[in-house]
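S.K.: As a plain string of letters, each chain reads:
2 protein chains.
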Amino acid sequence: MWSIVILLILSILAYVVTDELIPKLKDLFIKAGLYGIDLCKSNNKKIPEAIGVVSGCIFLVTSFIFIPIAFGNGLMERELFPHNEFAELLAALLSICCMLLLGFADDVLDLKWRYKLLLPTVASLPLLVVYYVNFNSTTFVIPIPLRQWLGSSINIGLLYYVYMGMLAVFCTNAINILAGINGLEVGQSVIIALSIIIFDIIELRGDQFKAHMFSLYIMTPYLATTLALLKHNWYPSKVFVGDTFCYVSGMTFAVVGILSHFSKTVLLFFLPQVINFLYSVPQLFRIIPCPRHRLPKYNAEMDLLEPSRTLIVKKEMTIINKALVQVLTILHLIDTIEDSESITINNMTLINFTLIKLGPMSEGTLTAKLLIFQCVCTLIAFLIRYPMASYFYDT
Amino acid sequence: MWSIVILLILSILAYVVTDELIPKLKDLFIKAGLYGIDLCKSNNKKIPEAIGVVSGCIFLVTSFIFIPIAFGNGLMERELFPHNEFAELLAALLSICCMLLLGFADDVLDLKWRYKLLLPTVASLPLLVVYYVNFNSTTFVIPIPLRQWLGSSINIGLLYYVYMGMLAVFCTNAINILAGINGLEVGQSVIIALSIIIFDIIELRGDQFKAHMFSLYIMTPYLATTLALLKHNWYPSKVFVGDTFCYVSGMTFAVVGILSHFSKTVLLFFLPQVINFLYSVPQLFRIIPCPRHRLPKYNAEMDLLEPSRTLIVKKEMTIINKALVQVLTILHLIDTIEDSESITINNMTLINFTLIKLGPMSEGTLTAKLLIFQCVCTLIAFLIRYPMASYFYDT
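As given, the protein sequences belong to chains A and B, one line each in that order. For any residue, its number in my numbering is found by taking its place in the first sequence, counting from 1, and adding 860. For any residue, its number in my numbering is found by taking its place in the second sequence, counting from 1, and adding 860.
Treat the hints with care, as some may be off.
Same chains, same names: a pair is fine if it fits in one copy or spans any two.
[Stated by the list, open to error] The list that follows gives simulated cross-link-like pairs (lysine-lysine, DSS-like), each with its CA atoms no further than 25 Å apart:
(1) Lys891 / Lys905
(2) Lys884 / Lys1098
(3) Lys906 / Lys891
(4) Lys901 / Lys1124
What the hints contain is simulated information worked out from the structure, not anything from laboratory work. Since we're looking at a predicted model, the values are computed, not measured.
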């Protein structure tokens, strides 16, 4: 247990270093042309962009320093050294390091979409090999009500690896599309990380003890560096985190889910991101027109955010378009303004949905409301994971 | 042996992809502000900088794809899977990936020197842990003539890890300081890589078979992607490679030297870099004044390169300065021009040394001459390693 104490000390140090380093490096980023203008503010100040690379690097360095401590017992008796667990940690860090590189390259170079989908897949390759070698369990346990048809478990073989590869792609992009207002990307990641850590602590007494220790080894320094980032990214943001941060976070969660065998539980903690993704599908897949940016509209006069909207010309609508807009309107899922020529709907993100339901509000309040929703979803996730799971699975 | 065939096919593919990708991505780099002006040309064209990140990424991706093939036999019989060798490859790729990230961040942000020395040390940490776990041999064999005083071998313990950490720092910086003219960084790396590959092939029949296979697994895709880079970086350069390339190359050579146990042989292949480093010491450690850039001076009229010079004011010279300049002049190691007030000497790099000895020449010729010198040094290295080693060691 003394390794956990050292992990906590290292993580506190990582928090302090990240917190000190971010203001010091700000000018370097602006000088390099890595900055953006906050579209939801009336001043036109240059805000440094891609600062997620700082917290990401400190997170990696902390994990490197922790390696000899994590395997301290193994190092004493070298014959018994757990090479397989060591390879797991290395594969995890390798995948995260790759995403840090890709994310930073994306922020600097503004890469095309195909690279964004291709590279997380490649970056998860060491992870999949380590999974194959160490576990190769590709069996899904079937929920009790379905067992009369499907049997008690089903081996999906190769498909399981496709599922894990897609999990990495999903996690890295899901955080990236629930973003755009100060503190939201980092805030949601902090809550997801906390949820995973609570889950690990609950499960530490179980027979999956080692897997949850592994998860803690990764999540604790991640949480520490991310909290330091949040301090500077919270409304009003002094730094932007960039794709770098979203990619690193998504891969970190995917890595922990895959190697600690609770990827379904991790997905439960991603409930708001899943809802946001599903709600975004009509626009992401261009069934409904999608502008370049979908972040809310800033009303400078009142200093409030309003939902942003997209105009659809009626003449250009197909039957599918019309039916979809009609169904969504009836279900009160979108806010529609119609005239003889066109239909205007809100851009379909969870952020705009919150604004059409609760009315215009300040940016800080909006972030806080969305994060409260994330917390509520974590509670629901624990309800599903614990009391309800016993109806569906033998526990 | 079929794994070597697949490695060759993958490496050829990597060459083709890198070669295709570089011209396509050039504009992206210039748009992001990552470009430089070639100081040894009369046109002022923008040349994209840090293109080493492209070849580095393809090198890493190729290595990832090769993992399942390298461990193909192990994957069939999972009980016998060589977890320790797998961890070695992962640690190697992790260290290289870290240097790729650091190098790119350095090119974009222009980091301070202390980060440049700190981060390679941290990046080599996974490497050192894997070395400790898998080998932990910290013994130097003593050359025969010295054995009467020191015994047949000496165990330097912890110092061996300091040596390996410093090897990573040395390799990453040694290539970086023998640079500045078109194609030199990449050219020397190609020759070093080829030397290591030849050494591996010679040793494949020996009892260190596995270590040299490991080295080949890493060096072959490295050489392929670097050759593609050289094609675009050769005089007159259409792209610059940046610190990214020097860092990745240095770490790749250090990784192979450490994990395949021939770090001394790798250092032999670094002979020109060692000479350049030793020759640079007076300026690097500011014993003699050092300007920001020491690359040769371009004579636009004649389209030739001339040695660049540094002026030392006589009044500001200490006794050490004077003695050092005098000794170096007597040894014909520097070219001195003296007047009553000051002494002007050539900047102390191997590049300027070549120019004072052989006279002004065109950039292409200069690069070619320095690369021929690198080849001659490789021959000397093989002479030291093979016929002469038997005088010093039992073989």
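S.K.: All the hints need checking, so say for each whether the structure fits it.
M.R.: For each hint, the structure was consulted:
| no. | hint | in the structure |
| --- | --- | --- |
| 1 | Lys891 / Lys905 | both (14 Å within a copy, 22 Å between copies) |
| 2 | Lys884 / Lys1098 | within (12 Å within a copy, 35 Å between copies) |
| 3 | Lys906 / Lys891 | both (11 Å within a copy, 19 Å between copies) |
| 4 | Lys901 / Lys1124 | neither (39 Å within a copy, 59 Å between copies) |
Of the numbered hints given earlier, the model fails hint 4 alone.
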